[in-house]
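Chemist: Next come the chains, spelled out residue by residue.
Number of protein chains: 6
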Amino acid sequence: MSDQTKLIPNNSLITPTPEEGRALAVKIARLTIKTTQPSAKVREELRPIYANDAAMLIAIGHTVAVEFATIAKANNYWI
Amino acid sequence: MSDQTKLIPNNSLITPTPEEGRALAVKIARLTIKTTQPSAKVREELRPIYANDAAMLIAIGHTVAVEFATIAKANNYWI
Amino acid sequence: MSDQTKLIPNNSLITPTPEEGRALAVKIARLTIKTTQPSAKVREELRPIYANDAAMLIAIGHTVAVEFATIAKANNYWI
Amino acid sequence: MSDQTKLIPNNSLITPTPEEGRALAVKIARLTIKTTQPSAKVREELRPIYANDAAMLIAIGHTVAVEFATIAKANNYWI
Amino acid sequence: MSDQTKLIPNNSLITPTPEEGRALAVKIARLTIKTTQPSAKVREELRPIYANDAAMLIAIGHTVAVEFATIAKANNYWI
Amino acid sequence: MSDQTKLIPNNSLITPTPEEGRALAVKIARLTIKTTQPSAKVREELRPIYANDAAMLIAIGHTVAVEFATIAKANNYWI
Numbered sequence: 002m003s004d005q006t007k008l009i010p011n012n013s014l015i016t017p018t019p020e021e022g023r024a025l026a027v028k029i030a031r032l033t034i035k036t037t038q039p040s041a042k043v044r045e046e047l048r049p050i051y052a053n054d055a056a057m058l059i060a061i062g063h064t065v066a067v068e069f070a071t072i073a074k075a076n077n078y079w080i
Numbered sequence: 002m003s004d005q006t007k008l009i010p011n012n013s014l015i016t017p018t019p020e021e022g023r024a025l026a027v028k029i030a031r032l033t034i035k036t037t038q039p040s041a042k043v044r045e046e047l048r049p050i051y052a053n054d055a056a057m058l059i060a061i062g063h064t065v066a067v068e069f070a071t072i073a074k075a076n077n078y079w080i
Numbered sequence: 002m003s004d005q006t007k008l009i010p011n012n013s014l015i016t017p018t019p020e021e022g023r024a025l026a027v028k029i030a031r032l033t034i035k036t037t038q039p040s041a042k043v044r045e046e047l048r049p050i051y052a053n054d055a056a057m058l059i060a061i062g063h064t065v066a067v068e069f070a071t072i073a074k075a076n077n078y079w080i
Numbered sequence: 002m003s004d005q006t007k008l009i010p011n012n013s014l015i016t017p018t019p020e021e022g023r024a025l026a027v028k029i030a031r032l033t034i035k036t037t038q039p040s041a042k043v044r045e046e047l048r049p050i051y052a053n054d055a056a057m058l059i060a061i062g063h064t065v066a067v068e069f070a071t072i073a074k075a076n077n078y079w080i
Numbered sequence: 002m003s004d005q006t007k008l009i010p011n012n013s014l015i016t017p018t019p020e021e022g023r024a025l026a027v028k029i030a031r032l033t034i035k036t037t038q039p040s041a042k043v044r045e046e047l048r049p050i051y052a053n054d055a056a057m058l059i060a061i062g063h064t065v066a067v068e069f070a071t072i073a074k075a076n077n078y079w080i
Numbered sequence: 002m003s004d005q006t007k008l009i010p011n012n013s014l015i016t017p018t019p020e021e022g023r024a025l026a027v028k029i030a031r032l033t034i035k036t037t038q039p040s041a042k043v044r045e046e047l048r049p050i051y052a053n054d055a056a057m058l059i060a061i062g063h064t065v066a067v068e069f070a071t072i073a074k075a076n077n078y079w080i
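Protein chains in written order, with the working numbering: chain D, 2 to 80; chain G, 2 to 80; chain C, 2 to 80; chain B, 2 to 80; chain F, 2 to 80; chain H, 2 to 80.
Read the hints as simulated data drawn from the structure, not as lab findings.
Among the hints, erroneous ones may be present.
Put simply, identical chains are the same to the list, so a pair is met inside one copy or across any two.
[Unchecked claim] Okay, derived cross-link-like pairs now, BS3-like style, lysine-lysine, Cα gap no bigger than 25 Å in a straight line:
| # | residue 1 | residue 2 |
| --- | --- | --- |
| 1 | 74 | 42 |
| 2 | 7 | 74 |
| 3 | 7 | 42 |
| 4 | 7 | 28 |
Bear in mind the structure is a predicted one, so any value in this text is a computation, not a measurement.
Construct the entire structure; sequences and hints are all you get.
Modeler: Below, the structure is given as structure tokens:
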């Protein structure tokens, strides 16, 4: 893989569209968790826990919203 | 459906009015949860849990507030 | 009622004063919860739960603070 | 009392100094809770609960931080 | 002590460096808690509770991050 | 070690790339926890607790997102 970054894909916050910016926000949020819990096995075990827990799903949504605020601003809201 | 986006409806943060901007904030928040929990069946099962839990309703409101901050800024507060 | 909006009263973030801006923040926060839990009966049942729970009152205050940040900025802080 | 506001003392976010701005943030946070739980008796009963609970004290601090961000910006950081 | 402030040390958000700005963020966060729980004895009793609890340590870090955002902006990021 | 700072590595928020800015956000978040809980032994004991808890991993991600927002702005989003 030519992209050597571990935390920010392509090492950039700039995306062509809001949709791709939002996907980047989701991705960045996941990569932070990957850095804190590097074991893919453990992360897989945790997935059904948070994916079936309403409070955790809301908390994930909140985190993505914060990431997206930064990305949207970096892209001047794609105006 | 012509709109192929999964995370940002119409692939834009721009709305004609604050009301529509707020509706977009609610929608975007829901789409993040849909991405994390793709099963419609599970999401339906979770609905009565969070819709009857005061703490979760507040947490949803908090998340929508964060999404709306971004959308409101993108629209220069509809001034 | 002439105001047909469900999420943003008067479809505007602009208010004459900080006090009215704050009241709008409280109102908007409540309308998000109303959208998520449309049953007035359920919301009434939840009221004594959060109104007597210190942690939930703090969480409501936090949410209103986030809403107010957006409204205050929209009004250029009423300077 | 000449100040008729219930949510924003003096109906203004402007303060002479950071210290007074911070005090305003604390005050505004409390007034939101007062609006949600109007009973002084209940609020008094809740006080020892949150004042002796580390997690709730942190949550209060978080909320005040968000209020202060708005007030500090309104005052251009008192520069 | 010549500094009569209780919430903002030196009554200023301006610091010479990011390190000092961060220390100020930590300090301000603590002073909010001191205002809410004035008893030094109680605060001392709470210290081992939050200092040994992962979730509370994270919540403290979150609060400091919010305080720092304000201070960093006040200092124009020390650029 | 020539870097005498304890809270902000290199005493600067400026980084060459988004990837390094994100790494700095992670680092700063950890240093706040180190300041609150100085014992390396206790922090090591807490690691498996939060690293195996979905809710705590999400909360860490949220905190890093807030730190990153500040760093990204300080770097003008590396545009």
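Chemist: All the hints need checking, so say for each whether the structure fits it.
Modeler: Here is what the structure says about each hint:
In the homo-oligomer, the alpha carbons of residue 74 and residue 42 never lie at most 25 Å apart, since the shortest distance is 35 Å inside one protomer and 35 Å across protomers. In this homomeric assembly, residue 7 and residue 74 come within 25 Å of each other (Cα to Cα) both inside a single copy, at 22 Å, and across copies, at 21 Å. Proximity of residue 7 to residue 42 under the C-alpha cut-off of 25 Å is restricted to the intra-copy arrangement: shortest distance 18 Å within a copy versus 28 Å between copies. Proximity of residue 7 and residue 28 under a CA criterion of 25 Å is satisfied in both settings, with 11 Å inside one chain copy and 14 Å between copies.
Checked against the numbered hints given earlier, the structure breaks only hint 1 and satisfies all the rest.
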